[in-house]
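S.K.: The primary structure of each chain is shown beneath.
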Amino acid sequence: MSPAPEKNRTLLADALVICVLGALLYAILNVAKEWQAPFVADTHIELSLSKLPEYALYSLARGWAAMGLSLLFSIGYATWAYYDARARAVLVPLLDILQSIPVLGFMPGLVLALVMVFPSTKFGLELACVLMIFTAQVWNMVFSYYDSLKAIPVELRDLGNLCGYGPVRRFLKIELPFAAQGLIYNGMVSMAGGWFFLTINEAFTLGNKNFQLPGIGSYMSQAIAQGNAGAQVAAVVAMGVMILAVDRLIWWPLVIWSRKFKVEDTASGPRESTAVGRMLARSHAGDFLGAIPTHVASGLRRILPPPGKPGSHPAPLPQIPPGLAYGAVLVVIFAVGGFGLFQLGLMVLRLPAGEWAGILIDAGATFLRVLAALAISSLWTIPVGVWIGLNPKVGRALQPVIQFAASFPAPMLYPLVFGLVLAAGGSLQWGAVILMMLGAQWYILFNVAAGAQAIPSDMVACADIFRFRGLARWRKFLLPAVFPSLVTGWITSAGGAWNASIVSEYLEQGGKLFTATGLGATISEATAAGDFNKLAASVVVMAACVVAINRTFWKSLQRLGDRYCRFGG
Amino acid sequence: MNTPIIRIDRVSLEYQTERGAPPALILKDISLEIAENEIVALLGPSGCGKSTLIRLMAGLLSPTRGTVSFRGKPVEGVCPGVAMVFQNFALFPWLTVEGNVLAPLEQAGLPAGETSERVQHALGMVGLTGYEGVFPRELSGGMKQRVGIARALAVKPEVLCMDEPFSALDVLTAESLRNELGHLCADPANPLRTMVSVTHNIEEAVYLARRIIVLAAHPGRIALDIPNPLPYPRQPGTPAFEEVVEKIHDILTTHELPEAEPSASALEPLPTATIGEVLGLLALCEETPREIFDLGDDLNKPFDQILQAVRAAELLGLVHTPHDHVALTKDGSRLQSSTLHEKKAFLAERIARLPLFQFLLDKLAPGKKLDVAALKALLASAIPGRDPLEAAHTLISWGRYAGLLAWDSKKEVLSLPAKAP
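From first to last, the protein sequence lines stand for chains B and E.
Numbering (the numbering used here) for the first sequence: 1 to 569.
Numbering (the numbering used here) for the second sequence: 1 to 421.
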């Protein structure tokens with residue numbers, strides 16, 4: 001191909017980039033207006049198609065606001081945990097527990113509190129929704145940033161110290177570039193995870209009150225409540241388009257761009273590029289945008305104190321001031337946390353003993369459903385995952401499809417799938433397993449595919465040469481080979497399935513309410529009834545179940561896999 | 001006695017590197033027969049397709065053109081009667097030493113009594129008796145490869161294929177394991193008589209093989225097929241042994257580095273060496289001419305990597321290679337004693353004269369830019385059969401050094417530099 005009509009392309013590219021920027025500005029203004037609108041508990045959601053783009057925009061804005069929050073929180077939390085050994089002892093295990101808590105259980109409290117703080121505008125409700133999305137996005141980003149901090153080579157840190165970098169410069173010049181790749185990749189995954197509970201986050205019922213925010217999620221809820229199949233399909237399509245657009249236009253260019261931070265990459269020469277990247281590279285507007293970081297940097301340089309002289313004594317690590325101030329901070333945190341924990345304990349204890357038996361039975365039922373969901377998912381995801389992993393061409397061809405399917409918030413498909421279950425004469429008791437699978441199965445598929453891809457080619461050749469065929473090939477070669485990745489997939493899937501039980505065991509369909517025996521249904525029912533004691537108890541039990549199973553069963557499987565099934569050990 | 005076990009008939013193998021690009025030719029028109037009782041070494045630089053060739057013999061790959069047959073029957077799928085020893089051992093980490101040797105026998109459906117007897121015998125042959133219950137991760141590299149060899153011997157193959165069996169081991173371990181394998185070849189108690197081994201180490205080939213097949217790269221083809229009549233057990237270091245090694249060195253050098261001037265007319269791909277490596281080579285050969293194989297030993301680098309640097313230096317007229325020695329030319333000596341600035345100017349002038357650069361500079365008028373796709377298409381047509389991306393990397397790195405090309409890694413376009421260097 002000849003690169004001749006350079007000028008035309010630049011003009012076209014400019015026009016495109018400017019259009020996009022204009023649209024972005026308009027969108028931001030629009031969202032700001034919406035957020036300042038006076039608070040009405042029962043916002044009317046219109047089901048006309050022409051409203052859908054606007055609603056999509058609102059949902060998108062919430063997703064990105066949550067993403068920004070997640071980024072800040074991840075950097076703050078991980079930095080604190082990395083540089084403060086005492087705090088680390090608490091912060092890292094805490095993270096493990098936090099990510100196991102079914103956050104949906106805290107939504108009622110959060111909404112009430114924030115609506116109370118901002119009684120006159122919608123800001124409180126918006127903030128609650130953003131925070132709920134945030135809690136679904138943030139945890140793997142924290143882990144990613146923390147791991148990156150740990151992985152920064154000593155030489156790079158030494159260099160920073162020799163150049164006299166303070167904490168801010170070190171963050172900007174060493175830590176952030178080093179962590180960028182992981183952060184962006186995990187951000188992409190998180191963004192998809194954040195949409196999961198959108199239908200509930202944007203429209204939920206507490207006791208006799210309805211809290212609704214305009215968005216795709218509430219549009220879907222409204223369509224389900226009215227039994228409007230056309231609107232449901234429209235919402236699903238709009239969600240799909242939104243995910244696809246965000247993925248292709250924002251995340252992929254970012255992922256490719258972030259490869260320049262790959263530390264071991266020393267080669268210069270042709271690299272992969274994306275359509276958006278090429279477009280930006282060709283346009284003047286792109287040059288202007290590209291110059292912004294330079295301007296920001298020179299501005300920062302003026303604000304920041306100059307780095308110490310090279311070779312001077314390295315600046316000490318930014319220890320949070322020892323002694324009194326530090327102690328005071330800890331006391332406040334422990335006081336607040338302890339008070340919260342105490343209150344939660346009181347609420348849990350206020351639950352009559354008779355109800356406890358019910359909750360434990362529910363937990364057992366949901367546990368069995370989670371197991372069933374994992375087992376059924378494994379039946380198809382393991383063979384397909386291995387097939388994809390061992391055939392890179394297939395993997396490349398299917399990757400966009402699978403990624404899209406996995407990013408799609410499964411609860412939006414529940415009405416359709418449960419409709420099929422009902423038509424086949426099934427009940428929610430069993431149907432909930434299928435609904436839980438919809439979202440959870442992908443983690444197994446991804447992990448198995450990655451595991452199969454990592455099998456050394458010599459091992460595959462060896463299994464061929466020594467004629468491992470049919471069932472023996474699976475039993476003696478493939479299953480053990482992907483076992484460590486399979487366990488990782490199972491753990492993530494199980495977490496997802498527990499969480500999904502809240503929406504899949506309690507479902508409104510065609511104006512009728514369906515429930516299944518289970519902890520998820522109990523949480524949803526307690527929310528709907530405004531029974532906070534029961535809600536607290538069931539949320540605590542679910543978190544305890546997830547953490548306990550992770551700590552015992554999954555950990556030991558993981559240890560087994562690491563010990564016996566890692567190649568090259 | 002010499003009915004061929006494996007027969008390879010005009011076999012070519014192509015590999016699609018990326019969609020739309022012309023396929024790279026890995027092996028070109030290879031014909032070869034392996035007879036019963038032959039011990040054959042496939043010798044050649046990396047990238048010559050020797051590992052691919054042995055995988056074709058084993059039926060792990062199928063050729064694009066031509067046929068592979070085993071005892072007269074065309075091979076479909078994995079070849080029966082072939083066992084393989086792998087470079088990186090390929091042991092199952094979840095099985096013990098015994099389990100690893102046993103698993104293929106169970107697959108073959110042998111009765112339990114016979115399998116355990118064979119496992120014991122094979123482990124005994126490689127000196128691993130007593131290690132039955134140990135897991136591979138507890139073993140050193142050399143021990144792991146013993147398990148790999150025992151596993152292959154236990155199935156009593158008609159042909160044993162070995163893909164660089166010692167190159168993942170440290171020098172001493174490799175030496176001792178090679179020794180033991182040599183004894184095993186000569187051991188009458190060992191029923192295995194036919195062996196094909198892939199190596200890039202000349203001494204290893206001379207030590208083990210009765211027949212040495214030398215492959216040349218780009219595309220992979222048979223350059224030489226020579227018998228090695230030395231009697232077993234062979235002693236490295238003895239005059240007779242060194243003579244054979246020397247002879248293969250000589251043939252390899254004349255083959256790989258023809259005495260004639262490099263042709264200036266054809267578009268030859270650049271050797272995949274950096275300018276830094278070329279300058280390093282000059283410094284090493286400054287005092288006295290050096291033997292090219294000594295250089296490899298001294299630097300502990302694969303032979304073919306040294307060869308690339310030598311070729312690059314020769315292409316730039318800095319060294320010449322009388323026989324298999326590397327000596328500086330007048331230009332080379334002058335360059336060695338010049339300043340950094342002079343070096344750069346001189347090399348820029350030399351690089352600019354290379355046909356491939358002339359070809360590229362013709363396409364790049366001032367102000368004109370080539371993007372990645374255009375550059376790859378251009379190189380694919382100019383030097384067919386080579387990976388255009390790899391060629392582009394070398395080209396850009398030399399061109400940048402010489403100040404002849406400017407590569408904008410942000411926009412990924414190639415252009416002439418803004419100002420003359």
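These aren't lab readings, by the way, just hints derived from the structure by calculation.
Keep in mind that the hints are not guaranteed to be accurate.
[Said to hold, decoys possible] Sample of chain E residues lacking proximity to chain B, with all beta carbon distances greater than 12 Å (derived):
| hint | residue |
| --- | --- |
| 1 | Arg65 |
| 2 | Val155 |
| 3 | Glu246 |
| 4 | Phe357 |
[Unchecked claim] Now the stretches of chain E that chain B is said to cover, found in silico as 3 or more residues with beta-carbon under 8 Å:
| hint | segment |
| --- | --- |
| 5 | 113-125 |
| 6 | 177-183 |
[Said to hold, decoys possible] If you only want the chain B side, here are some residues facing chain E, beta carbon under 7 Å, derived:
| hint | residue |
| --- | --- |
| 7 | Asp458 |
| 8 | Met459 |
| 9 | Ala461 |
| 10 | Cys462 |
| 11 | Ile465 |
Note that CB positions come from ideal geometry on N, CA and C, so glycine has one too.
S.K.: Tell me the hint numbers this structure goes against, listed in increasing order.
M.R.: 2, 5, 6
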